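Trainee: Build the full structure now, drawing on both the sequences and the hints.
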Amino acid sequence: MILGLQVKMILGDLVKIVGGTVLTVSFDENEVVLGGCGADLMSDVLASIEPGAVLLTGLCNPQVIRTAQMADVAAVVLVRGKKPPQSTIDLANLEKIPLITSPLGMFELCGRLYVAGLPSLEKSVADHPECGCE
Amino acid sequence: MAVNNSQRNRIISDQEAENISRLEELAYEIKVSEVMTSKLISFSPDTKMKEVLEVFRQKRISGAPIVSSQGDLIGLISMEDLIRCLTDSDLNAKIDKYMTTKLITILPTDPVIEASKKFVSTNFGRLPIIDKDQRLVGMITKGDINRGLLRALETDYQEEEIRKYRASHLFEDIESDRSSLILRYQIQQDDFEDGGRASSNIKRALIRLGASKQIARRCGIAIYEAEMNLIIHTTEGGVLRVEIEPHQITIDAYDYGPGIKDIDLAMKPGYSTASDAIREMGFGAGMGLINISRCVDQMKLESIWGKGSRLKMRLFLDSEYNKDRLENQTS
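Those protein sequence lines, which keep their order, are chains A and B.
If you want our numbering, it's the 1-based position in the first sequence plus 5.
Numbering-wise, our numbering puts 288 at position 303 of the second sequence, and it's gapless, one number per residue.
Everything labelled a hint here was simulated from the structure, so no lab data went into it.
Among these hints, one or two may not hold up.
Unchecked claim - Keeping only pairs whose Cα atoms sit at most 16 Å apart, straight-line, the calculated EDC-like set for lysine to aspartate or glutamate is:
(1) K101/A <-> D77/A
(2) K198/B <-> D77/A
(3) K101/A <-> D33/A
(4) K16/B <-> D116/B
(5) K79/B <-> D66/B
(6) K198/B <-> E55/A
(7) K253/B <-> D33/A
(8) K21/A <-> D33/A
(9) K102/B <-> E14/B
(10) K87/A <-> E287/B
(11) K297/B <-> E287/B
(12) K101/A <-> E36/A
Keep in mind it's a predicted model, so treat the numbers as computed, not measured.
Mentor: Shown next as structure tokens:
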């Protein structure tokens, strides 16, 4: 176990690490996850997440899937064993976004994935250069 | 290499999964008459078995119908029947001694899936196709079905490729002084459940039109934030209007109220007037407009309190290459 060692993690491994259950039909266990991001505020996700990341969140309404779709998120993991409404699962199936639920909390999940070599794909919001459009 | 191999397997299995469902659809869509063989080799009832052997060998077939002089189907002869005859050393016998008369038939208008079901339930290798007047019009084998489905899948695939190609070359194909494509969406206030549907459609359209992943993502995020603003903050909903041109994408999000009291304050990171209910749903963090300004090349927000707001955004497509290069140099 080496902290910060970056390895290629696939969805199948990720599900095992988070002790999760896959809720969607569309699920490809060999899909590569490039990194992770944990947030409950969708605007934070949209502002900071980079493409190809797994999103850990406590929010389970359909907007999570929309956000994931807009931000090119590889998969969504719901924390603390949350059971999303059917509308969220339906949208995830429709947009082919893998949706996983895990009994573990956000802190534990982030820790486990980080230790397993998954890097952070959260950009600091302050990093962005001004776009000069004011 | 191992990784490569497993990835290749994954891609194939994905396509297979997709094709299976499409195949099932096609099996219901395609009619027996579209895949059957209608140029038939048939025998009369007084044909001798040795002639059957000769025809099977020369024409490389393994079964054929037996038809009366009036054109009625009276039986089927297959390789299996011929083998029984050979075992009996009875090649001089007439065909009606060995033919099968227990016939399972199918209509030319039936979907292919019906034929498949009959193949499974009867274990027969071929089925005669009889029209409404009980006349033999063709024969169908499992091979005919497979070939028919494959042909249909191929056509499907080609049509999809052509559609994609046409969409991505839309602007090259049309000559004008200025071409643009306008997409318009009505957004309902408080329609949280459907929130993001317009953005989702716009992102898909951009990718279809050949936009890069980066552009589609930047546009998608900006429009999604604007769409959620219309849902969360307006009293009468609003409109999303997207104008796509070869060199730029212009997005207009406008509404009829209530308007923004203090635009400078609204633009401040973390400032939001959203209710606790909205915050619980993951929005209203006061980051929306900041996010938008980071995703687009130009942004202008105008509002009159009591009347409404108008958010104009623009992305330049030509500059994308330069911007990417700049980012790569600095990082």
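Trainee: Determine for every hint whether it applies to the structure shown.
Mentor: Results of checking the hints against the structure:
1. K101/A <-> D77/A: It holds: about 11 Å lies between the C-alpha atoms, which stays within 16 Å.
2. K198/B <-> D77/A: Holds, at about 9 Å.
3. K101/A <-> D33/A: With Cα atoms ~10 Å apart, K101/A and D33/A stay inside 16 Å; holds.
4. K16/B <-> D116/B: holds (13 Å)
5. K79/B <-> D66/B: The hint holds at about 12 Å.
6. K198/B <-> E55/A: Satisfied, since the Cα-Cα distance of roughly 12 Å is no more than 16 Å.
7. K253/B <-> D33/A: Violated, because 41 Å separates the two Cα atoms, which is more than 16 Å.
8. K21/A <-> D33/A: Holds, at roughly 14 Å.
9. K102/B <-> E14/B: Holds, at about 15 Å.
10. K87/A <-> E287/B: It is violated: about 40 Å lies between the C-alpha atoms, which goes past 16 Å.
11. K297/B <-> E287/B: holds (8 Å)
12. K101/A <-> E36/A: Between K101/A and E36/A the Cα gap is close to 12 Å, so the pair holds against 16 Å.
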